[in-house]
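**Q** Put together the whole structure using the sequences plus the hints.
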Amino acid sequence: MAEKTQKIGIFDSGLGGTTVLKEMIKSLPNEDYIYYGDNGNFPYGSGKTKNELQKLTERILDFFVKNNCKLVIVACNTASTAAIDYLREKFSLPIIGIVEAGVKIASKTTKNKNIAVISTKFTAESHGYKNKAKMLDSELNVKEIACIEFAQMIESGWDTFDNRKELLNKYLSEIPKNTDTLVLGCTHYPLIRKDIEKNIKIKVVDPAVEIVERATQTLTTLNLLNDKKEKGKVIFFVTGETYHFKPTAEKFLGKEIEIYRIPK
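Here my numbering is used: position 40 in the sequence shown is 198, and no number is missing along the way.
To be clear, the hints were calculated from the coordinates, so they are not data collected in a lab.
These numbers were taken from a predicted model, which means no experiment stands behind them.
C-beta atoms are modelled at their ideal positions from N, C-alpha and C, and glycine is treated no differently.
Computed Cβ-Cβ distance ranges for the label pairs, DEER-style:
{"#": "1", "residue 1": "Phe249", "residue 2": "Thr207", "range": "17 to 25 angstroms"}
{"#": "2", "residue 1": "Leu294", "residue 2": "His402", "range": "35 to 43 angstroms"}
{"#": "3", "residue 1": "Glu324", "residue 2": "His402", "range": "19 to 27 angstroms"}
{"#": "4", "residue 1": "Lys248", "residue 2": "Asp317", "range": "35 to 43 angstroms"}
Capping the alpha-carbon separation at 27 angstroms, the derived lysine-lysine pairs in DSSO-like fashion look like this:
{"#": "5", "residue 1": "Lys386", "residue 2": "Lys184"}
{"#": "6", "residue 1": "Lys248", "residue 2": "Lys162"}
{"#": "7", "residue 1": "Lys301", "residue 2": "Lys271"}
{"#": "8", "residue 1": "Lys404", "residue 2": "Lys352"}
{"#": "9", "residue 1": "Lys213", "residue 2": "Lys279"}
{"#": "10", "residue 1": "Lys387", "residue 2": "Lys162"}
{"#": "11", "residue 1": "Lys335", "residue 2": "Lys271"}
{"#": "12", "residue 1": "Lys391", "residue 2": "Lys180"}
{"#": "13", "residue 1": "Lys356", "residue 2": "Lys180"}
{"#": "14", "residue 1": "Lys269", "residue 2": "Lys359"}
{"#": "15", "residue 1": "Lys301", "residue 2": "Lys323"}
{"#": "16", "residue 1": "Lys413", "residue 2": "Lys386"}
{"#": "17", "residue 1": "Lys206", "residue 2": "Lys288"}
{"#": "18", "residue 1": "Lys359", "residue 2": "Lys335"}
{"#": "19", "residue 1": "Lys184", "residue 2": "Lys409"}
{"#": "20", "residue 1": "Lys409", "residue 2": "Lys389"}
{"#": "21", "residue 1": "Lys292", "residue 2": "Lys206"}
{"#": "22", "residue 1": "Lys213", "residue 2": "Lys224"}
{"#": "23", "residue 1": "Lys224", "residue 2": "Lys386"}
{"#": "24", "residue 1": "Lys224", "residue 2": "Lys422"}
{"#": "25", "residue 1": "Lys413", "residue 2": "Lys387"}
{"#": "26", "residue 1": "Lys288", "residue 2": "Lys213"}
{"#": "27", "residue 1": "Lys356", "residue 2": "Lys335"}
{"#": "28", "residue 1": "Lys224", "residue 2": "Lys180"}
{"#": "29", "residue 1": "Lys162", "residue 2": "Lys413"}
{"#": "30", "residue 1": "Lys413", "residue 2": "Lys389"}
**A** Now the structure itself:
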């Protein structure tokens, strides 16, 4: 049986999920977190099959179970698209998916039911957002745009790429003119949100905000909110390099992190 003092597990294919972690820490600072960055198997969004993604994420869930987690957040849109239902069938602990959260926040924000989603190739081609949107509100019109290079560029250091503005213009120009809401459909993208917002005049939404709400509701319902007074601890595990991951995560989160490399 789960206990209040158990940890919250958050995972992504790399750095992107730190955008979700940051929002979680802001709202639930007394919780303990494990962040699993599967950067040894990065990228998830191109070159991997649905089956491969399910197996990779199953391993991560096993890791969270062994490390005493009470709730898991799939902070990767590609993994959420490919494996959320599969993982919920395999594991009994509550699992929150970011695609569902993204659709929910977009539906709350849009005034005319026309939304666009920028994401990885896998998420766009699998129609992760379009399918979830149909289930929530059949009147939602969803334009899915695959920004193939973005996650890799952000993971490697966005500002080092001279063609970043050109690529931003290329992909953002695909947004239909009647769209009033843009979903950041990859957790890496909030890291370049300012650059995105400079290029468009519509509302930009980050699913991380909705994730926090869902996590809080779930933990409250299950009576699993940690009620200790002191701030919680965050431990990072990565399956790839730490030399770039560590300083980038520290800069974004505004604090030093405890990080360990594990086999991929």
